[in-house]
Amino acid sequence: AQSVTQLGSHVSVSEGALVLLRCNYSSSVPPYLFWYVQYPNQGLQLLLKYTSAATLVKGINGFEAEFKKSETSFHLTKPSAHMSDAAEYFCAVSDRYNTDKLIFGTGTRLQVFP
Amino acid sequence: ETGVTQSPTHLIKTRGQQVTLRCSSQSGHNTVSWYQQALGQGPQFIFQYYREEENGRGNFPPRFSGLQFPNYSSELNVNALELDDSALYLCASREDRAWEETQYFGPGTRLLVL
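Chains as they are written, first to last, in this note's numbering: chain A, 1 to 114; chain B, 1001 to 1114.
Only chain A is shown next, with the shape it has when bound in the complex:
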């Protein structure tokens, strides 16, 4: 069975500050890991994904995440927050044989203050 846990349902940062959104996963098979962003009244947009190549994954909009097997973590970071980053962020896991069946965490709402 697979699952993800997102620590912190709400995260607030100042514009220009570091963004750190936490995700821990549980998987009995080598996982594929994803971060999605959801803006109000919109669907999900893929930020980045880990598919067992490089452990440091760079995504869109300046985001990156590092796969740490020893810590079962896949935290999302961005060096400098922008106001436009305010949204809901979801971490998700799948197994490599059915990447369409994503198991999502409960999400973290990021607020960015000027």
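Simulated from the structure, these hints should not be mistaken for lab results.
For every residue, glycine included, the Cβ atom is placed at its ideal position computed from N, Cα and C.
Hints may contain errors.
[Unchecked claim] Chain A stretches covered by chain B per the calculated footprint, using a threshold of three residues with CB under 8 Å from any CB of chain B:
#	region
1	40 to 51
2	69 to 79
[Said to hold, decoys possible] Which residues of chain B face chain A? A partial, calculated answer using Cβ under 8 Å:
#	residue
3	A1038
4	Q1048
5	F1069
6	Y1072
7	A1087
8	L1090
9	G1106
10	G1108
Starting from the known structure of chain A, fit chain B onto it as the hints suggest.
Just chain B, lined up with the frame of chain A:
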């Protein structure tokens, strides 16, 4: 813009009724998945269709059913609506050139059951 559209955007039904939600994917996207996102939760996998056949189902009862058509459109049907069916319903599609191809989400249909 993901090229995946959904209709209607919003829908209100009463308990016991039936509903059909529609998704239109990009040309060549033979795999479509449906997700249910309850308020404040992450999306949950309902089922997946590949070349017009169901190809995996999550933990949802049989009153949730689907259809996929050769023109890259698909439907999610829910019978005997319950109050807990109120949610945002998302479809996602991808090409089937490789199972690790990224899937693209539509904006969703928000269903309210009264």
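For this session: Find the hints from earlier in the document that the structure breaks and name them by number, from lowest to highest.
Result: 2, 3, 5, 6, 7
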